[in-house]
Amino acid sequence: MKASILSAEEMRRALTRIAHEILERNKGAQNLALIGVHTRGIPIAARLAAKLQELEGVAVPLGRLDITLYRDDLSEIARQPIIRETEVPFDLARRRVILVDDVLYTGRTVRAALDALIDLGRPEGIQLAVLIDRGHRELPIRADYVGKNLPTAKTELVKVRLEETDGTDSVELWDIDELRNDGLRAEQ
Amino acid sequence: MTAATGPRPRHLLDFQDWSAERLSALLDNADTMSQVLDRPVKKVPALQGLSVCTAFFENSTRTRISFELAARRMSADVVSFAAGGSSVSKGESIRDTIEVLTSYKVDAFVVRHASAGAAHLVARYSGKPVINAGDGRRAHPTQALLDAYTIRREFGSLEGKTVAIIGDVRHSRVARSNAELLPKLGARVVLCGPATLLPRELAADGVTLTTDAREAVRGADAVMALRLQQERMDAGYVGSLQDYAAQYQVNETLLSYAPDHAIVMHPGPMNRDVEISSDAADGPRSRILQQVENGQAVRMSTLYHLLVGRA
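Just so you know, the protein sequences line up as chains A and B, in that order. Take the first sequence: its letter number 110 is residue 237 in our numbering, and every next letter is one higher. Take the second sequence: its letter number 43 is residue 69 in our numbering, and every next letter is one higher.
Same shape as in the complex, but just chain A:
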């Protein structure tokens, strides 16, 4: 590991701040919906929903999105064509949707998620919340809410761990080579 980027406590504070920013920008939590992108966007969206409930007393509907069928970078899929569940159990019309993911990098995942979301209905608007923005965009996409901006090299890897999926809350910066040597699976 090169550097520890967020501790569990720092992650909690970053998500609390994002929740406040969402409320400020949307003047409350009415007509909002949170949709997490597989895999780690889903627990982050759930945590933001819990914060909004705590702050405003409003239950913001939660969805989950798998974007496999919308991707344009297919090498990973070609190896293992597994699609996960998309579940948006509410009408998108007249809702402002906040799309949630862990790391914003090239922007291609977000592009695919936007297409997937628009095929499900016509939301009033879509905003983007990410825990980490690591730069290197390949498409004209930006986040509306960012937990932490992190300048990175392309040879580096941002490893997000969450209690729900990985048993612990942390964000770390690694060298890709170092991670390979450690036998860990590259995530970003």
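One should not assume that every hint holds.
[Stated by the list, open to error] Simulated DEER-style distance windows between Cβ atoms: (1) A/Asp-218 - B/Thr-222: 56 to 64 Å; (2) B/Ser-101 - A/Ala-220: 22 to 30 Å; (3) A/Gly-252 - B/Ala-230: 54 to 62 Å.
Don't read these hints as lab results, they were simulated from the structure. Built from N, CA and C at the ideal position, the CB exists for glycine as well.
Keeping the supplied structure of chain A fixed, place chain B upon it in accordance with the hints.
For chain B alone, kept in the frame of chain A given last:
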């Protein structure tokens, strides 16, 4: 979600190259495809830019429509070739036909042919991924997959389930493909029909034979009727339609010997009141229309598995 290891199969000709894990993954993805079919926009861009040729040397409107819609819903382009209106009727060989179609940069073939092994030939001549949509009496793998998927949706799993397949087993590629697939996924198959239509060599691990329809449905979770064609009478395989129906027709009387939860299936097209009665075909146990619906999702998933990332 099922992890599949080993190389991805290039074709779906039969289930020989397909591990149980890969088959389960294909059926898992069919769930997602079913969800796509329930949406206002029933289309995803996964196979954009690819073209699929449905080459039907033997007529089958239903299967062809199912494949073509499946391909279009995955955003692939479809070119449709039917032997009736083509040079094949002027004596062009299957090899020439496929080589010409391949020159048009088709990315995959879906092949239906009256001869066993035709899909293998297309795979060899085209060098492209091929889905067998029925070759003679040998195999019809996507039909078996949609049958497996229908049973899985009904009961949650195929593990430990028993499927009775009743009728003209001898001439049925559907029976053969199910007898190959279902045991791989943990189910037992009971093949049943008159002795003349029940080849003994089909008995295998997880596949038993019986000429007694009541015995076949006892303990069955799914009862599948196979089409009996008029020409089988002419060839002397069965005495008369009445005799056949009295012993092997899937109807309320026969189903009274099956468990209450047993479902009724048929690969279509049905000869009503021959191999299946209308009350069974249209009754509360029937999943025949669900089979048709599931066929589209399973074919979307099959195309996806074979083609995604391989353009």
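Lying within 54 to 62 Å: is that true of the beta-carbon distance A/Gly-252 to B/Ala-230? Since the Cβ atoms of A/Gly-252 and B/Ala-230 sit about 59 Å apart, the hinted range of 54 to 62 Å holds.
Range first: 22 to 30 Å. Now tell me if the beta carbons of B/Ser-101 and A/Ala-220 are that far apart. Holds - the Cβ-Cβ distance for B/Ser-101 and A/Ala-220, about 25 Å, lies within 22 to 30 Å.
Could you see if the CB distance from A/Asp-218 to B/Thr-222 stays within 56 to 64 Å? holds, 58 Å
The structure shown violates none of the earlier numbered hints.
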